[in-house]
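> These are the residues of each chain, in order.
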Amino acid sequence: MIQFFSPLEQFEIIPLISIYLNVLDFSITNEVVILSLIFFFVYSLFIFSTKTETSSFYIIPHRWQIVVEGMFKLILAMIVDNIASKKGQYFFPFVFTLFCYILMLNLIGLVPYSFTLTSHLIVTFALALFMFIGINIICVRIHGLEFFSLFLPGGTSFVLALLLVPIELISFIFKPISLSIRLFANMMAGHTLLKVIAGFAWSLSGTTGILFLLHYIPMLILIPLFGLELGVALIQAFVFSILTCIYLNDSINLH
Amino acid sequence: MLKIVCDIFFLILILLNTISCKHNTFYFFFMLVQAAQKLGAGLSTSGLAGAGIGIGFIFAALLLSFARNPSIKDDLFRYAILGFALTEAIALFALMISFFNFISII
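The listed protein sequences derive, respectively, from chains A and B. Each residue of the first sequence is one higher than the one before, counting from 1308 in this note's numbering. Each residue of the second sequence is one higher than the one before, counting from 2 in this note's numbering.
Source of the hints: derived by calculation from the structure; they are not laboratory data. Warning: the hint list may mix true and false statements.
Straight-line alpha carbon distances no greater than 25 Å define the calculated DSS-like cross-link-like pairs of lysine-lysine that follow [unchecked claim]:
#1 A:K1502 to B:K39
#2 A:K1482 to A:K1394
#3 A:K1380 to A:K1393
#4 A:K1380 to B:K74
Chain B regions said to be covered by chain A (calculated; three or more residues, Cβ under 8 Å) [unchecked claim]:
#5 77 to 86
#6 90 to 104
Facing chain B, from chain A, some residues (calculated, C-beta under 7 Å) [said to hold, decoys possible]:
#7 R1489
#8 A1492
#9 A1496
#10 I1542
#11 V1546
Everything numeric in this text was worked out from a predicted model, so none of it was measured. Yeah, the Cβ is synthetic: ideal placement off N, Cα and C, and Gly gets one too.
Pulled out of the complex, with its shape left as it was, chain B reads as follows (with noise of 0.2 Å):
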């Protein structure tokens, strides 16, 4: 009971802070909005999952095609190479929108 006094309170007292202009008010939505970005960047990072299936899917290719005929080895190690780098840039992608809203740019 005390406790949502108290929230009344608080709340009618940064309403009236708000209206009034007296004292600077804008910290409060400041920190919320830099609070939502950080809680944005780390949301993003879950493109990374697909990602990382994606990159062993090509090397457990590359083992079995290996197994099937080792005399080509260089070949397949080269496209696999390939076919990491194009799946990486795909994390890479998500991750740079983590980046971008880590560096809080407001």
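For reference, chain A alone in the conformation it holds in the complex (with noise of 0.2 Å):
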């Protein structure tokens, strides 16, 4: 038989360490190592940002703190400019939190041999999904039964209205299920594409002849592609971040 290494097996988790309770799976996989990865820099960038003694920032700020204190403008000007209404400032931790979260996922993946959470559906879509039901919770906390207005907008016919109200709907169901896919799709579509022309290189190093002076193309191609990577690793926080602002918005002045 022959045996065929597709490029999307660098997508398996590996248990690490198997434990298992009963039927429940509590295994350390490399998804884990990479979460806990995520913490230790994410605490570490904010810790060493900052004075040893005092705890807190220096007035003519060095490096890192103007790395964290462009974090901190880009997401406060994201939420001043789309949440309309003063009740927005309270979402800042949690937009902040969830930007810091993907960036870092998506980075840590870049590195070669590590493993890319955010390429996985079930990661991104839990994500978004319990942000969708917190979205509605928030909703229908603050206007109750108005929430259903959501779905009619102002000024229009009835009939035009039994037309328009299925259509926002599946609109309205479609988000968190969008908001995952673009970010799941964007991460594994980029690092398949990386594993097929690393394998072109690969398997044109182990030739001879004229062949082997060929190898070196996919390898300089490859550099771009990264830069590419990069870029969209970058992009996708964001645009993850500005979304959920904006349906927050959506949610809280209502249209």
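Fit the two chains together into the complex; they arrive one by one in their own frames, and the hints show the way.
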């Protein structure tokens, strides 16, 4: 039998230490290792950019403090621009954590031989679904039964309303699905593309003669592709956060 | 003429094998389904054409609006990147269907 090593093998979850309690699976997989690494990196980013004695920021910022302040300003501008009420400021820690989390997850996946958590649909879908449920709870709590006016834009005739409400319902249900699939598909497609081209370079380097000289070409193509992947990692984290802010605005101020 | 006779002969042979279940004939259908899956995977990438046009449209609008008002460059670029990511998502929806066909599930 021929054994095919597919480029999708890099997304496998490998248990490092298997811990089973009857039916539940608590094993330490490579996912868990990455998650603990994220906690370490994010925590150290915010701890090491402060003064050691009083743990406050410097007045003249040094390098890592500029990064932290830049992220702060970006998310704050996002919230103030998109949510048109004072209540939007309550959601700043949530969006900031979401942004840092997805950014770190995407960036850690770029390290060779590492594992990208956001390239699994279950991770991004869980994130988007819980955010969606939370936003609905916020909307119902603020507006009560007026929550259903989200599906009926004002000033439409009756016949048009009959047509419009199912369409609005479908687009409402589609929100968390599209949010999660966007992140998942970008990450998975990018990593699979990198793996395929690296596979070309690897097979070419196993031959002799003139074909061996050609193996530099896929390696050179990999460099701008890696830059593209880096850009996509940053952009996808930004887009996830800004869409969260837009959905929050939709729910706090009904249209 | 000989070709037609040979074709009919092979068809009758396959039919007899399928009916009698003497040899494992399901490999024929297995391979046919796999071939159809690969074909479908290739066809579903035709959705990327529209997404390509959409991305070009966004950056064309960025250039025009930058020419009108170069002082708000950063804001314009931010909105362009947001629009690019949203349009790219549609392209990747089509590509996902292609991937799910390509890894032969059967």
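> Each of the hints needs a verdict: does it hold here or not?
Taking the hints in turn, this is what the structure says about them:
no., hint, verdict
1, A:K1502 to B:K39, "20 Å, holds"
2, A:K1482 to A:K1394, "22 Å, holds"
3, A:K1380 to A:K1393, "17 Å, holds"
4, A:K1380 to B:K74, "18 Å, holds"
5, 77 to 86, "holds (count 4)"
6, 90 to 104, "holds (count 7)"
7, R1489, "4 Å, holds"
8, A1492, "4 Å, holds"
9, A1496, "6 Å, holds"
10, I1542, "5 Å, holds"
11, V1546, "4 Å, holds"
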